[in-house]
Amino acid sequence: MTPQRPLLRRPGPVLALRYAAALALTLFFIFPVYWLFIISFKTPAEIFHFPPVWYPESIQFANYRVLFKDGDAETVWNSLVLAGVSTVIAMILGTMAAYSLVRFKTGGENLAVWIISQRMMPPIAIVFPIFLLYVYFGWVDSYHGLIILYTAFSLPYVTWMMRGYIEDIPIELEESALVDGCTRWQVLWRVVFPMARTGLFATAVFTFVFAWNDFLFALVLTRTEVITYTVQVTHYFGGQSNFWAKIAAMSVLGTVPVFFTVATLQRYLVRGISMGAVKG
Amino acid sequence: MADLKITGLHKRYGPVHAVRGVDLEIPAGEFTVLVGPSGCGKSTLLRTIAGLEEANAGTIEIGGKVVNYVRPRDRDIAMVFQNYALYPYMNVYENIAFGLRARKTAAAEIDQRVRRAADMLAISGLLDRLPRQLSGGQRQRVAIGRAIVRNARLFLFDEPLSNLDAQLRDEMRSEIKRLHQEIGTTMIYVTHDQIEAMTLADRIVLLKDGQIEQQGSPLDLFERPATRFVAGFLGSPKMNFVPATIVESAGAIGLQLNDGKGLALPASSRQRYAAAVGRPVVLGVRPEHMARAREGAEANGHARLATTVELIQPTGSRTYITFPLGGMAVMAEVEPHDVHKPGDPISIDLDLNRAVLIDPDTNRVI
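Protein chains in written order, with this note's numbering: chain U, 1 to 280; chain B, 281 to 646.
If you're looking for bench data, these hints aren't it; they were derived computationally from the structure.
It should be emphasised that the depicted structure is a prediction, and the values quoted were computed from it without experimental measurement.
Every clue listed holds true.
Label-pair distances were calculated between CB atoms; the ranges are: (1) U:His144 with B:Val350: 35 to 45 Å; (2) B:Pro307 with U:Trp185: 30 to 40 Å; (3) U:Trp185 with B:Gly344: 24 to 34 Å; (4) B:Gly416 with U:Arg197: 19 to 29 Å; (5) B:Arg396 with U:Ile171: 23 to 33 Å; (6) U:Arg184 with B:Ala308: 23 to 33 Å; (7) B:Lys345 with U:Trp185: 18 to 28 Å; (8) B:Ile475 with U:Ile171: 23 to 33 Å; (9) B:Tyr293 with U:His144: 43 to 53 Å.
To list a few chain B residues with every Cβ distance to chain U over 10 Å, as calculated: (10) Asp445; (11) Gly515; (12) Ile533; (13) Gly540; (14) Gly607.
We put the beta carbon where it would ideally sit given N, CA and C, even for glycine.
In isolation and in its complexed conformation, chain B is listed as follows (with noise of 0.2 Å):
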């Protein structure tokens, strides 16, 4: 049975129509993430879970109840902010309680519950800070226990991470995977960040405009996306969208791009692409998948391309370049020592097994 199961829910702001129509199945334990470019929708469906928007229309059913007239209070949620929610004038040990005694919890048991979350989180000696006494990280942690000590049936993240330092975020996003591992609770868990989601998700929902662009696991999403949305949304350094024409030549299939360059595409991908021919297409390409040309020829279904480096971005492990490709500047991850400088010849070789084509009407992968 669906934790969550959401049916054409809408909710509106005067004239802003910030979520349309959303269809949700979450089953129990799992570990959803909700993605999304800034105003996408994806807060405010969390917060339509958590009870704190009313929605205009649409049902909301939490372990098989509809909830949608529910109290916050009432859902059997527990649910941790992006500022941490903390209360100033509350030592660590009083914030994790809070809920409990709000509860009416009796002492005894709110005692045993917040040690045992706060030994989970590794915060058992900040019991008697003050938050103003954590650091960002710590503070993050206190949120989490507060959520955790509850044993609620769904837990929600509304980008919990958003204000950590990069290193911390890292930690922080270990720290939270590990605990849905142990604990095993239904996470609904939302951010912009595409890294973010891709590490800690069993399933992504990517939101764009108030809709469910597409759902699926992380590797589903990264190497089917249903949309150039989608293809472009995931992955870093973003896909590369380079402009090009079908064309059929001596029974092959490949692409036209505008700068007069051909690129045949793999024998294995000339039926899909048959009735497309002469139509206008998108090529996306991610940067890993291209790679510098070694020697001896082309691997099956890659095109070998001979062009400029014009920039260079090394960061250590691997190396961005960017070259003029079909009128388009784009982005290809080398090894570290492969370009020393703007203005080298370099051969590129491009996994057109692993790219997609667009619909440049429809903006759908074909």
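Next comes chain U alone, as it looks inside the complex (with noise of 0.2 Å):
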């Protein structure tokens, strides 16, 4: 029997066809992004325009330096400590966590299924008597409260990754670490975080993701010296009129960190999904 060539290998029409479906869908799920982005560079009378301009004539940069002039532009700022800090914080506390789940059997064998189920609570539920809580200890629209709130809802979901990929680790490398000189601390700095780095950098991207992309907390427990990106949008759509101008450099600022963070570690990402899946 002859073996198969690979689908996208395969000459004719066949090969043809698949290559017209792939870019259709390619063009179909980039063209809203690039719609978004050229729309931050156009003038007020093209974006209005009918037909639609596919391309600006010149490409304007004043919506962007309105942004960073009305300081409009702090906001992505903001999403940025509030996200990165809280991400760095559930790393640490999650990857410890999951390490005493693990290796030292911490709550029995029921505990991290208790623990993954406080991801499922919808924010909804919780966010007014935290707020009412914040303020009374006089947290709303600081970056502590955040950052806290942030911390709280991804640590489940951190724990219960990072106890997947420190499962896989085998034993034997932490004990000889532990018998050769090593105290836990350092097994854990030494052999744990190395070997679960893959892992490590797939949860820690979707744990900033979460707090990056969060609007429900942000619009309610911030005011005016916290206001995140995706909070701060939303004072573009007017009761008369929509800034669409803003609105779209707005988005492009927001997008750009999360897209340079998921390009720089598409490796680990791939991998340690990919981990997480064989392990189930």
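Dock chain to chain to rebuild the complex, using the hints, since each chain is given by itself in its own frame.
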């Protein structure tokens, strides 16, 4: 029997059709991103022109300049700080918790399931009690208020994911390190972290993206000081008109950090996710 | 002074009593092998010595100091694991240097010790490689290198050759023995392989069900087993066991087998078994203590049996044949050309001087 060639290497009309389908699908998904990106460089006249202007006559940075001049771009910085710091804290605490669950059997067999079940809770169910609590503590519209909340919400996910990755580390590696002269903390730092590096990055990216994309908590728990870019975008939707240029420019600013994070860590992301998938 | 002294050690995992009151003393420089079947507690005992498991009762002394509550890193031990336990993200040099770096040894000394260990193990050319670029034997050498570089008081080996193929296992066995002769450190080696135990050990500690069944030099255990378990565990192919009864006839003492055959016991052993006349026993005889009968009468203490070959297993240097005796199928080791095909008649001389008689009630050698 002759071995079949891989699908994309078979010659003839079938191959052409496949390429056409792949191209159509790519365009379908890429176009909204392109449209958003291109609007951010258009003049108001071009934005509202009909038929649509597919690409502007000249690239306008005015929309971005306005965001920076008015201080609106600082909301991206706020998102970056909140998502970045909460991700780092959640990763450290979650990995330690996962290590404890795996190696010391803390809480028995069911604690891990209980922990991940906390992640299933819809944020809307608790956002108003938390608001009242934050008003009481004076944490509304503060960095630490949102960082604590994002960390708390990410911890179950980080713990659950890292538990799977740590379980895959052969225990002999840790035992060997203990005999060779390491303390438990050194084992964590010198053996567990490097061994679980792929999983750490993959989990960190998802944790970061969760905090980055949050809208509900930021909307309810911020006022003027630590507004995130997701909340800021809503300010451009007015009762009388929408500021499409600002909406587009702010959305691009909000997309760029995530784009670069994912692009940089893509290698780990794919491996990390597939490792998790194999683990089930 | 004993390098390691264990007194009344117990280890339980929930309802499982893995180690049951082990007492053991290992003098400095000795190569001790803990051997026994799977689940006998040998690895648990080793891990408890290392501090990777906590003893439920009893004491462990290393160099005269009780270490029950001392962390593994402070017990002055080095350990080689079955799965090598090499860090995949470090090259060979860093793997060997790992323990020294953890103890903040000076860089120059680390370099000197790593290179000396690498020379000793013939892995100097591999120092830049990652573990995944090494063969199984090379990985095991690196794992051993990581242990010897530490200059620890006690070396622990947990079935280090189990993952290697037969040929490599033979090579590494010689390497480990040579290494012990060179560095002279006290070594405790766990294996389930009795050949490894026999070839490596100064002393074998044979464990069964969490207890020491017998300990002594390899030949001591092989030639003078205390129980049926020891007799059957050591030796390959294993010892044959045939039920019999001690009988006396015309002033001589012998064995009556279930198939009606009689075997006269050597004159030297008559006094030992005189009190047991009439009692059922189990005759234990090793395959190598049965040979094809040559011309002339059997030697003193030997019994001659006329039988039929049932099965032939040639190995090249020796041939193992199976034949019926006392209702059992027993195996004898003969010269390669002594037998030709199953069904052939053969005369076998059985060396009763080297056989053992076992009490079937206690399973102890009489």
